[in-house]
Amino acid sequence: GESVGLHLPTLSVQEGDNSIINCAYSNSASDYFIWYKQESGKGPQFIIDIRSNMDKRQGQRVTVLLNKTVKHLSLQIAATQPGDSAVYFCAEMGGSGTYKYIFGTGTRLKVLA
Amino acid sequence: EAGVVQSPRYKIIEKKQPVAFWCNPISGHNTLYWYRQNLGQGPELLIRYENEEAVDDSQLPKDRFSAERLKGVDSTLKIQPAELGDSAVYLCASMGFSTDTQYFGPGTRLTVL
Chain A
2 GESVGLHLPT
12 LSVQEGDNSI
22 INCAYSNSAS
32 DYFIWYKQES
42 GKGPQFIIDI
52 RSNMDKRQGQ
62 RVTVLLNKTV
72 KHLSLQIAAT
82 QPGDSAVYFC
92 AEMGGSGTYK
102 YIFGTGTRLK
112 VLA
Chain B
5 EAGVVQSPRY
15 KIIEKKQPVA
25 FWCNPISGHN
35 TLYWYRQNLG
45 QGPELLIRYE
55 NEEAVDDSQL
65 PKDRFSAERL
75 KGVDSTLKIQ
85 PAELGDSAVY
95 LCASMGFSTD
105 TQYFGPGTRL
115 TVL
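For the record, the sequence lines run as chains A and B. Numbering-wise, our numbering comes out as the position in the first sequence, counting from 1, plus 1. Numbering-wise, our numbering comes out as the position in the second sequence, counting from 1, plus 4.
The hints are simulated quantities; they were obtained by calculation from the structure and are not laboratory data. One or more hints might be untrue.
Claimed, not checked - Going by beta-carbon spacing under 8 Å, a handful of chain A positions derived as facing chain B: (1) Leu9; (2) Leu12; (3) Tyr26; (4) Lys43; (5) Asp50; (6) Tyr100; (7) Tyr102.
Unchecked claim - Keeping only pairs whose Cα atoms sit at most 27 Å apart, straight-line, the calculated BS3-like set for lysine-lysine is: (8) B:Lys82 <-> A:Lys43; (9) B:Lys66 <-> B:Lys15; (10) B:Lys19 <-> B:Lys82; (11) A:Lys101 <-> B:Lys82; (12) A:Lys101 <-> B:Lys75; (13) B:Lys19 <-> B:Lys75; (14) B:Lys15 <-> A:Lys43; (15) A:Lys101 <-> A:Lys69; (16) A:Lys72 <-> A:Lys111; (17) A:Lys101 <-> B:Lys66; (18) A:Lys57 <-> A:Lys111; (19) B:Lys66 <-> B:Lys20; (20) A:Lys69 <-> A:Lys43; (21) A:Lys57 <-> A:Lys69; (22) A:Lys111 <-> A:Lys43; (23) B:Lys82 <-> B:Lys15; (24) A:Lys43 <-> B:Lys19.
C-beta: ideal position from N, C-alpha, C; glycine also.
Let's have the full structure, built from the sequences with the hints guiding it.
Listed below in structure tokens is the structure:
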């Protein structure tokens, strides 16, 4: 793989603050997007998803925003907790019926006590 | 409901040896994926199955990798012979018929010495 992948972007946040993790996706035809959380030694865990006909979706403490104009996705975590520390990946599904995900590089979230 | 099950969780082998990974998807999920995840990177698709049919194996290195899903349920991914560069986490994911959401197993961490 590319050496840049060994140096994950890192976001450090104080416990209790809000976190915003950003992702640029590649395919303007992608119509489904997911955020995954991956803790060390575990597989990616589904957090929240959004379809291209929406620009915002809220879950419990998490919100995903989609800006199709600039092909940008963000994940907002409210009142960040130590258990939120992990690597976060966005994934896009390229076009209706392809069922093929393309994953972003990932962002490491560190929650400071 | 049980999630995606993978075994073994860890495997250490010497180069040129064969290795196999097993995956049992979530019950009723017809689509199964095998991914490879290198350190600090997002998962990369190796192969996708719809029931017992491999519908996308374009990124599977067929000279040494093979996969099967004979009865459309569990699946095996094999590497023979393994090379040093195959060291990675091998993830299995499954998806139900009426959804676009993939659910991942815990992965198998392979170390080739």
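Evaluation of the provided hints:
| no. | hint | verdict |
| --- | --- | --- |
| 1 | Leu9 | holds, 5 Å |
| 2 | Leu12 | violated, 15 Å |
| 3 | Tyr26 | violated, 12 Å |
| 4 | Lys43 | holds, 6 Å |
| 5 | Asp50 | holds, 6 Å |
| 6 | Tyr100 | holds, 6 Å |
| 7 | Tyr102 | holds, 6 Å |
| 8 | B:Lys82 <-> A:Lys43 | holds, 21 Å |
| 9 | B:Lys66 <-> B:Lys15 | holds, 21 Å |
| 10 | B:Lys19 <-> B:Lys82 | holds, 14 Å |
| 11 | A:Lys101 <-> B:Lys82 | holds, 22 Å |
| 12 | A:Lys101 <-> B:Lys75 | holds, 22 Å |
| 13 | B:Lys19 <-> B:Lys75 | violated, 31 Å |
| 14 | B:Lys15 <-> A:Lys43 | holds, 15 Å |
| 15 | A:Lys101 <-> A:Lys69 | holds, 19 Å |
| 16 | A:Lys72 <-> A:Lys111 | holds, 26 Å |
| 17 | A:Lys101 <-> B:Lys66 | holds, 19 Å |
| 18 | A:Lys57 <-> A:Lys111 | holds, 25 Å |
| 19 | B:Lys66 <-> B:Lys20 | holds, 16 Å |
| 20 | A:Lys69 <-> A:Lys43 | violated, 31 Å |
| 21 | A:Lys57 <-> A:Lys69 | holds, 11 Å |
| 22 | A:Lys111 <-> A:Lys43 | holds, 17 Å |
| 23 | B:Lys82 <-> B:Lys15 | holds, 13 Å |
| 24 | A:Lys43 <-> B:Lys19 | holds, 25 Å |
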